[in-house]
Amino acid sequence: MKLLFNYLIFPGFLFSACAGLLAGWVDRKVTARLQWRVGPPWYQNFADVVKLFAKETILPEGAKATFLMSPYLGLLSASLVAMILGLSLQSATGFGGDLIVVLYLLVVPAIALIVGAASSGNPLASVGASREMKLVLGYELPFILAIICIIIKSGGSIALSSILNAQHIAGSYIASWSGVLAFIACILCMQAKLCLVPFDMSEAEQEIMGGALIEYSGLPLAIFKLTKAVLLYTVPLFLVVLFLGKDTSPIFLILKYIGILVVIILIKNTNPRLRIDQALRFFWGPVTVLALIAVVLALLGL
Amino acid sequence: MDLKTKALIKSLWVFHAATSPCNNCDIEVLDLLTPRHDVERFGIILVGSVRHADVLLVTGVPNYKTAERIKKLYEQAPKPCFVVAIGNCACGRIMFQDSYNSPCPVDEIIPVHLYVPGCPPKPEAMIAGVVKLLEKLSGK
Chain L
1 MKLLFNYLIF PGFLFSACAG LLAGWVDRKV TARLQWRVGP PWYQNFADVV KLFAKETILP
61 EGAKATFLMS PYLGLLSASL VAMILGLSLQ SATGFGGDLI VVLYLLVVPA IALIVGAASS
121 GNPLASVGAS REMKLVLGYE LPFILAIICI IIKSGGSIAL SSILNAQHIA GSYIASWSGV
181 LAFIACILCM QAKLCLVPFD MSEAEQEIMG GALIEYSGLP LAIFKLTKAV LLYTVPLFLV
241 VLFLGKDTSP IFLILKYIGI LVVIILIKNT NPRLRIDQAL RFFWGPVTVL ALIAVVLALL
301 GL
Chain E
303 MDLKTKALIK SLWVFHAATS PCNNCDIEVL DLLTPRHDVE RFGIILVGSV RHADVLLVTG
363 VPNYKTAERI KKLYEQAPKP CFVVAIGNCA CGRIMFQDSY NSPCPVDEII PVHLYVPGCP
423 PKPEAMIAGV VKLLEKLSGK
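Residue numbers (the working numbering), protein chains in the order written: chain L, 1 to 302; chain E, 303 to 442.
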């Protein structure tokens, strides 16, 4: 019963979705202010989602059953990550190897998007799906390397609670050379994981008209928007746990989260969209080298 | 007013369907998104796919080719979907009404909920029109 509450309400789905939708509003508002516009009111993203819930759902001709199932798959796994992270921060409960589970679960929303787009039978959606697939291949390598760096620093531990404990004692991992390098690599990978500019080529609105989401309408589209909101809450929180875990009292957590959100918005607003080949070259080139250097430095104990 | 309508009038997503216009209206439509008019403060954004749209923004006189397309587009949009005819051409095809390649105005193909006349209409006129549409939706 408590587990169900944790999954559906507090650190899990409802809380993370609300926090993510609010963070999405901050993103839109700051973007608008940067362009000298007024920007939407704070409840804008909530209104969008509620409106989409009430709209008609259209099933395109030739769509497979996975078309309607994949949005739920993404949302379920994203909320599960939110629950695991929330519990490990809240009461240091967890299980051995939950870091690996989180890593796997964070890929599932991207896979859900690929599966949904591929089963919609739209050529532009399949272009979006193939781009998303290449992007996943691109950013997973440096992301996992950066996390290996963390695992080395915490003495081979793959449990979130023990990583947090080690940081409580020895200070945040970002306060070291290898930590800084791995953090930068992680920030760039996070931008791609959240599908934000400059790595939003799978949903390029101006170019392939919404890409992977082109055939989605009504409820499934709302579920995808919610997945996005949950991820916007979860992935920065994951970085906070891995790199900035010294002080995890609520006020510091919120401040650290806002700090990472500011970085995301800054990157988003100062960069144009990359082509998929540029993004792939970027992730397998400089970012992977950065993460590798971080791993080597971590092995040397720096 | 129930929650459904309340959310709908706060978040209208617009799909821009150009049925062979002279692009004058389209430029004025794009003006709405610039900092001076900024319709995003009312939750109005342009979307790329008609499946996401709440409003179909029609400009221009439909000819034999685009008349079929606009009908298809309207059928592809998830309901409730509102149609806004922007400009004199879309409202009543003014000087093109005897033209050889113009079969009928927009409102004989699909139901039009709002007419914004003008050649081209000013962005302010379009905002005033949208406000009227929202008032109608919220039952005032």
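Worth flagging that the hints you see were computed from the coordinates, not collected in a lab.
All residues carry an ideal CB built from backbone N, CA and C; glycine is no exception.
Any given hint could turn out to be false.
To be verified - From the structure, some residues in chain E lie toward chain L, with a derived Cβ separation under 7 Å: (1) LYS312; (2) SER351; (3) LYS424.
> Which hint numbers doesn't this structure obey?
Replying inline: 3
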